[in-house]
Amino acid sequence: MTWYVLKRGGAALIVMFVVSLLTFIVTRVLFPDPAQSILGGQGETVTPEQVAHLRGQLGLDRPLSVQYFHWLGDLLQGNLGRSFRTPIDVSTAIYQRLPVTIELMVLALTVAIILGMLLGIAGALFRGRIIDGVSSTVSVLALSLPNFFVAILLIYVFALKLQVLPSAGWVPLTQDIGQNLKFMLLPAVTLSLAYIGTFARYARALMIGVLSEDYVLRAHASGLSPRSVIVRHAMKNTSIPMVTVVGLNAAGLVGGAVVTESIFSLPGLGTLFTDSILGKDFPMLQGLILVITIGVVVLNLLVDLAYGLLDPRIKVS
Amino acid sequence: MARQMEIPAIDGVRRRQVLQAGGLSALGLLIAACGGGNTPNPTINSSGSSVAGKPVHGGTLTFATAMDITTLDPAFSQNFSERFAFYAMYNTLVAYDQNFNLVPELAERWQTSKDGKTLTLFLRKGVKFHDGTPFNAAAVKWNLDRLLDESTNSPLRGQLTPPVRSVKVVDDSTVALDLQSAWRPLLAALGERPGFMISPTAYKKYGKDYGLHPVGTGPFEFVSFTQNSSLKLKRFDGYWDPSHVYLDGITFQNVQDAQVQLTMLRTGEAQIADQMTPQLATTLQGVSSVAVSQRPTGDWYAMQMDCDKPPFNDARLRQAIAYATNRDGVRDALFLGKARDAAGPIGIGWAYDAHDSAPVYAYDLDKAKALVAQANATGKRVRYVNSSQSDYQSIAQLLHEDYVKTGLNLQVGTVPASDYYNSVVADKNYWSLTKWTPRADPDGLLRNILHSGSNGNTTGYHNPEVDRLLDEAAGINDLTKAAPLYHQICRLVEKDAPYAWVIWPDALVPHTTNLGGLKLYPDGIYRLRSLWIAK
Chain R
1 MTWYVLKRGG AALIVMFVVS LLTFIVTRVL FPDPAQSILG GQGETVTPEQ VAHLRGQLGL
61 DRPLSVQYFH WLGDLLQGNL GRSFRTPIDV STAIYQRLPV TIELMVLALT VAIILGMLLG
121 IAGALFRGRI IDGVSSTVSV LALSLPNFFV AILLIYVFAL KLQVLPSAGW VPLTQDIGQN
181 LKFMLLPAVT LSLAYIGTFA RYARALMIGV LSEDYVLRAH ASGLSPRSVI VRHAMKNTSI
241 PMVTVVGLNA AGLVGGAVVT ESIFSLPGLG TLFTDSILGK DFPMLQGLIL VITIGVVVLN
301 LLVDLAYGLL DPRIKVS
Chain B
1 MARQMEIPAI DGVRRRQVLQ AGGLSALGLL IAACGGGNTP NPTINSSGSS VAGKPVHGGT
61 LTFATAMDIT TLDPAFSQNF SERFAFYAMY NTLVAYDQNF NLVPELAERW QTSKDGKTLT
121 LFLRKGVKFH DGTPFNAAAV KWNLDRLLDE STNSPLRGQL TPPVRSVKVV DDSTVALDLQ
181 SAWRPLLAAL GERPGFMISP TAYKKYGKDY GLHPVGTGPF EFVSFTQNSS LKLKRFDGYW
241 DPSHVYLDGI TFQNVQDAQV QLTMLRTGEA QIADQMTPQL ATTLQGVSSV AVSQRPTGDW
301 YAMQMDCDKP PFNDARLRQA IAYATNRDGV RDALFLGKAR DAAGPIGIGW AYDAHDSAPV
361 YAYDLDKAKA LVAQANATGK RVRYVNSSQS DYQSIAQLLH EDYVKTGLNL QVGTVPASDY
421 YNSVVADKNY WSLTKWTPRA DPDGLLRNIL HSGSNGNTTG YHNPEVDRLL DEAAGINDLT
481 KAAPLYHQIC RLVEKDAPYA WVIWPDALVP HTTNLGGLKL YPDGIYRLRS LWIAK
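Protein chains in written order, with the UniProt record's numbering: chain R, 1 to 317; chain B, 1 to 535.
Since the hints were derived computationally from the structure, they do not count as laboratory data. A couple of the hints might just be wrong.
What the hints assert, rightly or not - Cβ pair distances, simulated, as ranges:
1) R/Leu30 x B/Gly53: 34 to 44 angstroms
2) R/Pro146 x B/Pro310: 38 to 48 angstroms
3) B/Glu401 x R/Gly78: 51 to 61 angstroms
Unchecked claim - Sample of chain B residues lacking proximity to chain R, with all beta carbon distances greater than 10 angstroms (derived):
4) Glu150
5) Arg157
6) Lys208
7) Gln227
8) Arg266
9) Ser418
We put the CB at the ideal spot given by N, CA and C, even for glycine.
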């Protein structure tokens, strides 16, 4: 087990190195020199000397390889560098925003798992009947509606018409949990929608497969209540592949968080990410991509480890 | 897109009433109002837009804004909405009114020496920074020296030098700026970003982190800032002009989406917002709690063409494009009439020439075709590059139709909005659409884009007479004497047509109807400091 974690950790390090190298090359090659735009876009009277001075300050005048190893050296000392744009260290900025995105993702995932499983299992149990049709329709709708549209729709209904939830804004969790959840509810539901659809489709298919297995038939035959058969035998066996599905999709939540955070004005990693791309804030971008890569790698590792817990027959080695 | 004014022109009925009452076209009225050199106030006040009456004290204003604040240090400020915050937290040395005329702020009065080479500022006494330290001549010198210091590398340095050579403390409340030459635009610059005075003590305390710990002399002091989320300010009890401050606090709430901003106004979660288009404004008809204030601006969109390389080094082709520019079409179809056809680079302020408001090359496709034929360019391939930004896209799409009819063979390219200006500066395109916002002094923008020695002259335009007039006009302090020179510059440039000016859009500011004290400025920057909320 320890050996396994170490092996996976080593592989993760290689992944992170490659990702950071790719990020570095892509930003430096594809983006125009940020010095000009940092000093002033349209309207500022900036001289070429000033641009050159700034390039020197930011180290942009050095060869790419030197810049990269400089960054890597700092990283090994735990220093992610300083933002080109905002007077703040990259690590501080990420540390301030990470909790918002994690909270949003956890809430969205929780909503998606609960509703998705219920919807899917209902569809499987009443296969071919009206409930199944409703389940399929709802999940396909949830899957296909783009989240920016859903967000505006939810704001229209809950903020403007019913006036029960705020349109946009945020309060730190540590300051006021109730207020924080009020602000988080619409974004979490928005973000979860597509996943409700995905999870429901998988849950239905998996459940149908499991229900036709011999051991389910045996369980019924031995006189167990239908409830017990479904909860203790069928659901348990759908949970392993579901964990894989959830794990794989959780990584994609980061993408959805970008759009959701921006519409509901949540100060999470998503908005920081878009701003850093538009502002060509290279150190911030590299820091963010590194943190997100670590997040995805850790998530995958957790999924693998969860198999062992759910099914004693699987040994991680 | 738009941002500044004071008539409730969105409501069709009210607008018509204004027209009937005035017996003028709204356009004529507005132009008349903002044209004259010394007209004190170019806005039309009419009831209904924001509350009139006695200001009410108390309450916290929420401003729903597509906030792009990255720093609160004016020396490194790049983004538009940062200045909304600056005008609430800081004071400038001088200020300007709604027609770009200078008025006192931290400097109670100023004096230019006979030769124009010394500018003396007489400072207001008894002013304190939010940290309790005094604002005085030494603080002014420290602030200006910091911007002038090369090692600071502030983008604002270029606005001060030339002409500023040094800053001297005369006594505790007097500073003298020693100039290389007489330079009128300097004073106006002291009403903009270079003029915001920060606390030297606070800067020394926070160092490179100052941008997140701002300390000024303004009516509101800093409470907290979370990038992309919110900026919170509270009333500063030691403010020197307390009688014009009514709010207890101001919250900048980041809301990018215009529709969500409007929802917040309608639910009362916010009182003022900053994203509004003429199309969205029409959706507010019948909503009694939200109004849109409107005011002409000097912002402009124009086609820019490189005068120093083919194909547009042939003046006839530039003129053809100017003739083929359907300004009325853009005004009516895209701005729903909430804009003015642009004749040239100055559309507002004391240097605007109200008698020269018609474009030199007014829309005439036949003349455009003839010029293209004369230049032997019929069927010639011409590449047009545009920004991906939606306002640029819609304007270009509308104009494209007519440009094709001139006989030119148009090819269209698109560049992502965030890289667009860089690609223009790098001179990668010879024909593109551009948008500019005027500075308080006309020299600021005109020198940048038209003077042959400027880095911002992206069209390669070179007219020695324009250079000479720009230099001469900048040395004249008397606005009534400087204005005719700017009129002359405008006429020369319009004739040479490095730009084909398209439109001067009006600013549109959405707000709740219980908001009082709203004044809109031609630079499009919101001044939130004297707003109040009716109970």
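Against the structure, the hints:
1. For R/Leu30 and B/Gly53, the Cβ-Cβ distance of about 56 angstroms falls outside the hinted range of 34 to 44 angstroms, so the restraint is violated.
2. A hinted range of 38 to 48 angstroms holds for the C-beta pair R/Pro146 and B/Pro310, which are about 45 angstroms apart.
3. Here the CB-CB span from B/Glu401 to R/Gly78 is close to 59 angstroms, well matched to the stated 51 to 61 angstroms.
4. Not every C-beta of chain R lies more than 10 angstroms from that of B/Glu150, the closest at about 7 angstroms, which undercuts listing it as non-interface.
5. Not every CB of chain R is more than 10 angstroms from the CB of B/Arg157 (nearest about 7 angstroms), against its label as outside the interface.
6. With a closest Cβ-Cβ approach of about 6 angstroms to chain R, B/Lys208 is found to fall inside the 10 angstroms limit, against its non-interface label.
7. The non-interface label for B/Gln227 is inconsistent with chain R: the shortest C-beta to C-beta separation is roughly 6 angstroms, within 10 angstroms.
8. Some Cβ of chain R comes within 10 angstroms of the Cβ of B/Arg266; the nearest lies about 6 angstroms off, and the non-interface call is violated.
9. Consistency note on B/Ser418: stated as away from chain R, yet its beta-carbon is not over 10 angstroms from all of that chain's, at 5 angstroms minimum.
Hint compliance for this structure: hints 1, 4, 5, 6, 7, 8 and 9 are broken, all remaining hints hold.
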